[in-house]
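Participant: Chain residues, written in single-letter form:
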Amino acid sequence: MDASFLDLLMAQQEEVTEAEGGGGIWVVADVVDGTIAPVTLEAIGAARNLAGSLGAYVYAVLLGDGVSGLATTLYQAGADGVHVADHPALASFAVEPYLEVLLNLFQAEGPEVILFGATPQGQELAPRVAQRLGGGLIEHAVAMTLDEATRTVQAAVPIYGGQYFEILACPQARPQVLTVEPGAFPAPFMDPYRKGEPKSIEVAPAEPRVRVLGPAEDFTPPPVPLAQAPVVVAAGRQAGDFGLVEQLAAALGGRVAGDRGARDAGWIGPEQIVDIRGVTVAPKVYVAVGIRGDTFHNAAIDDARFILAIHPDPTAPIFKVADLCIEADPKEVLPALLTTLGK
Amino acid sequence: MRIIVILGRVLDPRGIVVNPRAGRIFINREEYLLQPADRCALELALRIKEASGAEVVALPRTFLPDDDVLRQALATGADRAVYIAGKPTALPDDGLMARVLVAAVEKLGGADLILTGATTLDTGQGQLGPRLAEALGWPQILGAWTAEVADGAVRAVRQDGTGYVKVEAPLPAVVTVVPGALKPRYPDGRRLINIYKGVGEIAAALERWEATGLVAPEALVPMLERRGQDFPPERERGTRLSGTPEEVARAAADALRARLPR
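So the sequences go chain by chain: A and B. Count along the first sequence starting at 1, add 461, and that's the number in the working numbering. Count along the second sequence starting at 1, add 834, and that's the number in the working numbering.
It is worth saying that the hints were derived from the structure and are not from the lab. Only true hints are included.
Rough simulated footprint, nothing fancy, chain A against chain B, three-plus residues with beta-carbon under 8 angstroms:
1) 852-864
2) 966-974
3) 978-989
So the derived list for chain A, only partly shown, Cβ under 10 angstroms to chain B, looks like this:
4) Glu557
5) Leu629
6) Arg672
7) Pro682
We put the CB at the ideal spot given by N, CA and C, even for glycine.
Please model the complete structure; the sequences and the hints are all you need to start from.
Facilitator: As structure tokens, this is what we get:
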């Protein structure tokens, strides 16, 4: 049966009619390599949830050069209106030109809530927009609810990297500006039938005041101490092939370490021993390869946020502290893991 | 040349224990540190002072209950520090502090460079630097690893999507420094003792200003309000993966990818 008339009917029904009169929830889009960044779509999804309770429209702002075609994606993600500043002066991100466009727009439209991605671009722009408009700013929001009585957005922000969350609000200040942590909100349903007519913003380009001189080829960042490394791959006596452990660390962008068994095997230096008598670590990811996990070692990784343990002995104490356990010979699992990570 | 460096303190995370099941935070040892990124900003200010000659003035990032952070800055090498007395807020309120600090910068007679940390250890907030840049109408360089001042401009190295790049902004400017960018020096013991004992010129370098003398009372109303706390779900340890090496590798790779820092 030919159902193309249904598509036509739905397309007509889903034509977005944009409200006039200011207010609303605004999302400033991040464009990465010619596509809308996932965090922008997540922010639009979060904005839609707020908009339902707030009785407001969701608008997106798109800045760049040759980006007008991306407006469709923003409509499909849930924007009721899209404002596009498409100009060669906005081809690469610089604070002043982008800020000028946003401030002119927001001063005219009077938004109630403005969302940015917690990306380098968002972190440069959001505080300046908030400061100029007299708004409050909550950075790195990972959850948002609405206090309907005062139309105030309440946002959870991670403290000490997510050990717990503080719930913050800016009840007095308007607009309420927030930066949204990438990956914290679910991606919205992309409705292919949603569409609209984007509004063009006139751009009077401002001159960037920070000049990029070129790559800093002679600069080497200071080494991160093992205790502060965000990713640690540690070997133990049962690791088998230490070369595979090093390859895994390289694939994950992490530091190589080990327990006393690895030191005895001559694989690591004394400064790389993870142990309460050696180095205590608190990485975001800790991979223990062939480490049995004695009390001294396990106490030293207690603050790790995620522990993956690979060991052939199912009774190894490391499995009591690990989040994810693989009871297998590391020599069998690591090649498969490296292949999968390389894909 | 005058460099203003803005410093804050943070509760040492090693002294706290978070119990998600009880929904409580236990402070076993109440010890405060200089914010790591602010400490690097102070180090950068002192290096610029040594290279180009400058007066380094330390100001607080928040209303602090005591002036320990500023005394440490003086002992480390700052020439002057101003303790701004005001009602401490439950959490750092950068919107409020931006108003106060802009007034303090004006009272000091302006500055050529403002340095502060790019992010705080506890709340991860990085808005103070750009807020000050906007309020003062200055350019900003966020997340610098190192910087130098020459010919009326500040040149810094920062990270972008592709690697490390050199950038330049005309003075006056605001530069924020990433934590761990530089190896900070320790405070000089003798200067520290003199500051706490109130002995010598260094002790006189610490001034006290009232926030109410800098801005109108309505500008001291906090922008941020704390509405509660939430805790992550309790960690489930010991999940065992089973299957062929390829199957467990796939599951492990997915779990790792979801948790790797971006």
